[in-house]
Each structure stands twice: as C-alpha cells, then as structure tokens.
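Student: As a plain string of letters, each chain reads:
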Amino acid sequence: MQNLGFLYILVPVLDKLYPEKEKRIQSYRRHLEFFNSHPYFANVLVGIVARLEEEMAKEGEVKSEEISAVKMSMGGAFGGIGDSLFWGAWRPFTALVACVLVIIFLGKWEGAWLGPVIFLFLYNFLHFHTRFKGVLEGYEKKTKVVRLLKKMYYLRTIWSSHVVGLTLVLLTGLVVLFRDWEAIERLYFLAFFLSIILLNRWRISAARLLYLLIGISCVGGYIF
Amino acid sequence: MIAEIASVSFIGGLLSLDVSAWGQIMVSRPIVCGPLIGLLLGDLKTGLIIGVLLELIWINVISVGAAIPPDATIVAVTCTTLIILTESKLSLGSDFHGSYRMVVLALTMPLAEFFKTIDVKQRKLNARFVHYLDREILKGNLKAVGKVNNFSLFLVFLRGFLFSLVAISVGVYILPKLFSYLPYAMLVGLNFAYRLMPALGLAIAFNTFRGL
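Chains as they are written, first to last, in my numbering: chain A, 1 to 224; chain B, 225 to 436.
Chain A extracted, bound-state conformation:
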C-alpha cells in the first residue's frame, strides 16, 4: 500500500527532527505501519503528520499513538473523498471533454491533438492544486483542515458535473449519428446505443461488451 511512500516523503522531516539515531529509528518504524489513502489527498496528511511530529519532538505534548490514530482515521476519510472526487468525477469528466473534442474535430481540423493536451491541463490544474494546497494547509491547520474541506468551492461543482457530462455524450452521439451515418443505417447506430444503455443493469465489463459487438457484427456479416 502507501506506507513505504509515506515514509519516503517524511524522511527529510524525520531526519531533521530526530538527530539521535535511536529516536530516528523509532520514528521511521512508526511510519512504516499500514497506510492507505488517496494519493493526492494523502498530502494533507503528510502536512498534518509533519506538524504533529514536530510538536512531539519539541514539546512532547503529542503522543505517537495520536499520530497513528490521525493517520488511520483521516487516511480512510480522505481516501473516500479523493476516490469519488478525482477517480469518480473529475477524471471521467475531463477525459470525456477531451474525447468529445477529438471525435468532433478529427479529420476536420488540424488541431484535434489539442484534446489530450486540454485534458492534461484541466485535470492536473486541480490535481496539483490539491497536492500543494494539501501539504501547506495540513501543516498549518492540522486536523482542523477537515472543516476547510467543507468549504472547498470546487467540490460541489464537480460532483454535479455529471449533468454536463450526460449532455455532452448525447450531443456528441447526435453529431456522430448525423455526420458519419446515412439514412437507414442510423437505425443500427441508435439500436446499438440504446441496447448498451439498457444492458447497464447487468454491469457487463467493457471487454465483454466489445466481444458482444464483434459477435453480433460477424453474425450480421454472414446474414447480409
């Protein structure tokens, strides 16, 4: 999981805080414990843990069990937020925007390659924002950073991006239907599109859907 990476990031901090080898070994082992979160939001925890370690080394107020507890509880919570925000909403949405651009402009305009570039810019803007802001805010506000998450202006807009996504898919479908297909053939396109949407109930994997398409088309090739 992410424990090795977590320790690797913290190494400079730990080396600075614990000049004595005995304490340093202890702190290293402490952060090798199981840890799993979302890779971007884990940075908030890196900030928080760096601050807590610092306080522990200097004042001795914070106990090492507290740090473990914070890592465990907040790691899971941030994992959940990050998975649904980045993997579940933002990446599909930005990827869809890029795909739509390429589908519409490929062959019509030289600049179709801009689609992937726009995807990288759009996606990584939020990605790096979360990473850098995460470390700094985590270090500054410690565990109070959770309250800040509620206020994050972009969360709500992104979670509602599925409406825009659906509209984009349907519009692109219409463009493809009327541009690349002629007369009666449009029925095949529509029938296939609708049947895949209906098949969604059974959660069939993409690979199987592809084989289904190939199977149907080959049978069709023999009949017609």
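Rather than coming from a laboratory, the hints here were simulated on the basis of the structure.
As the structure is a computational prediction, the values presented were derived from the model and not from experiment.
Each residue gets a CB set at the ideal place from its N, CA and C atoms; glycine is no exception.
Take these hints with a grain of salt, some might be off.
Said to hold, decoys possible - Straight-line Cα separation of at most 27 angstroms, DSSO-like style, residue types lysine-lysine; simulated pairs:
id	chain 1	residue 1	chain 2	residue 2
1	A	Lys-142	A	Lys-58
2	A	Lys-58	B	Lys-363
3	A	Lys-21	A	Lys-58
4	A	Lys-58	A	Lys-23
5	B	Lys-363	A	Lys-21
6	B	Lys-363	A	Lys-63
7	A	Lys-144	A	Lys-63
8	B	Lys-367	A	Lys-58
9	A	Lys-23	B	Lys-371
10	A	Lys-16	A	Lys-142
11	A	Lys-21	B	Lys-269
12	A	Lys-108	B	Lys-269
Unchecked claim - To list a few chain B residues with every Cβ distance to chain A over 12 angstroms, as calculated:
id	residue
13	Met-225
14	Ala-227
15	Glu-228
16	Ile-235
17	Gly-317
18	Phe-381
19	Val-394
Fit chain B to the known structure of chain A by using the hints.
Tutor: Positioned in the frame of chain A, the structure of chain B alone reads:
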C-alpha cells in the same frame, strides 16, 4: 522495426509508472498515451482514434480504495503500436483497415486483466519489501528507505517495459497472419463493428455519467 518496438516498450514502461506508482498526472490514460505513441511512430491520427475509443470504453474504470482496476495503459500502448506498425503490411486494401483494428482491439483487450494479475502479485511482493525494510531500519540501516522505494519503482517500470516488449513482438508476427485467415463475411462484419465503436464508447460513457 526492432528499434521502434524497443523505444515504444521503453515509453510503455515509463507510462505504466504513472498508473499508480509515480506522479499520476494521467499521462497513462489511453486518451493521452495513444496519441503519444502515435506521435512517436509518426501516425498521430491513428493514435488519437485508438486513444479515444479505449478511453471511452474504460472511462468508468476507477480504483476504489485498495481495489486494482484492469490496466488500460498497456492495452492502449500495445494496441496503438501494433496497428501502426502492421497495418500498412496487410495484403488487403485500406477498406478493411477497420476490421483489422477490431481484431487487434479484441486480442489486446485481455492483456488488461492479465497485466492486472501481475500487478496484484507485485503488490504482494511490495508488502514483503516493507517487512525487509522494517528489519533493516531496526538494524540501523536508514538509507535502505530510499533504495527500497526506488527499487520497487524500477520493478514497476520493468514490468511495463517487458510486458509491452513481449506483447508487441509476438503481435507483430502473429496478427497479420491471423488476419489473412479470416473469411470475407467476417471481415465485412468486423468493419461494421469498427464503425459502431463510437456508439459503444458513448453508451458506456452515458452509463457512467448516469450512475454518478
């Protein structure tokens, strides 16, 4: 040909680092790595097409928590490379390039699941690295943290590199031969299937965004 395969596999190894091990700036998504490989081999358009088709198909594949999704990157890399390298050598005319692309897609899709099983094994190996590191730290060997971290990163690169090297080298020889055995009716069907691919991708994207 050999130089091309080797350089593409090298890039494939670097790209598979981006999936979960290093960076995650999403250059590993098919929409980016398809055109990237296309650019490298001098056929950007094919790269874009394959990238978009694979991206739409796998747009809903996400890794929730510790679950590992099928690996779209390796499929995008091998599929794009195989199509660009072998398409011009087919004995059939360019009318049937669509059906050839469908054959390549259909035969490279299972690589995603196969690559995933290797990934699972590698993660188990990483857990053993952590135990090893724990012992080293107890001994006082603190430099081992960086070494173990970089070594496991290198293993991820090596996995992507060797896997795409083997898959592409085998595919380059097998696929054109296999394609020449297909009967005419099937070729027509596959060609139609290729034209329907955007419908499949958009329908999957529709389902994804409806379920959000």
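Student: Work down the list of hints and note, for each, if the structure agrees.
Tutor: These are the hints, each one checked on the structure:
1. The suggested pairing of Lys-142/A with Lys-58/A holds, with an alpha-carbon distance near 16 angstroms, which does not exceed 27 angstroms.
2. With a C-alpha separation of about 26 angstroms, the suggested pair Lys-58/A and Lys-363/B falls inside the 27 angstroms cut-off, and the hint holds.
3. For the hint linking Lys-21/A to Lys-58/A, the alpha-carbon distance of about 16 angstroms falls within 27 angstroms, and the restraint holds.
4. Taken as a hint, the Lys-58/A and Lys-23/A pair is honoured in the structure, with Cα atoms around 13 angstroms apart against an allowance of 27 angstroms.
5. Straight-line distance between C-alpha atoms of Lys-363/B and Lys-21/A comes to about 11 angstroms, which keeps the hinted pair within the 27 angstroms bound.
6. A C-alpha spacing of about 24 angstroms is found between Lys-363/B and Lys-63/A, which places the hinted pair at or below 27 angstroms, so the restraint holds.
7. A distance of roughly 18 angstroms separates the Cα atoms of Lys-144/A and Lys-63/A; the hinted pair therefore holds under the 27 angstroms criterion.
8. Distance restraint check for Lys-367/B and Lys-58/A: the Cα-Cα separation of roughly 25 angstroms lies within the 27 angstroms cut-off, and the hinted pair is therefore satisfied.
9. Pair hint Lys-23/A plus Lys-371/B holds up; C-alpha atoms about 21 angstroms apart against a cutoff of 27 angstroms.
10. Between Lys-16/A and Lys-142/A, the direct Cα distance comes to roughly 20 angstroms. Compliance with the 27 angstroms bound is thereby established for this hinted pair.
11. For the hint pairing Lys-21/A with Lys-269/B, the CA-to-CA distance comes to about 57 angstroms; that exceeds 27 angstroms, so the pair is violated.
12. Pair hint Lys-108/A plus Lys-269/B holds up; C-alpha atoms about 12 angstroms apart against a cutoff of 27 angstroms.
13. Consistency note on Met-225/B: stated as away from chain A, and its beta-carbon is indeed over 12 angstroms from all of that chain's, at 25 angstroms minimum.
14. For Ala-227/B, the shortest C-beta to C-beta distance to chain A comes to about 24 angstroms, beyond the 12 angstroms cut-off, and the non-interface label holds.
15. Distance check for Glu-228/B against chain A: the nearest CB is about 20 angstroms away, which clears 12 angstroms, and the non-interface claim stands.
16. Against chain A, the non-interface label of Ile-235/B holds: every CB pair exceeds 12 angstroms, the least being about 15 angstroms.
17. Non-interface status of Gly-317/B relative to chain A is upheld: no Cβ of that chain comes within 12 angstroms, the nearest being about 17 angstroms off.
18. Every CB of chain A lies more than 12 angstroms from the CB of Phe-381/B, the least distance being 16 angstroms, so the non-interface label holds.
19. Every Cβ of chain A is farther than 12 angstroms from the Cβ of Val-394/B; the closest lies at roughly 19 angstroms, confirming the non-interface assignment.
In terms of the numbered hints stated before, the structure departs from hint 11 and from no other.
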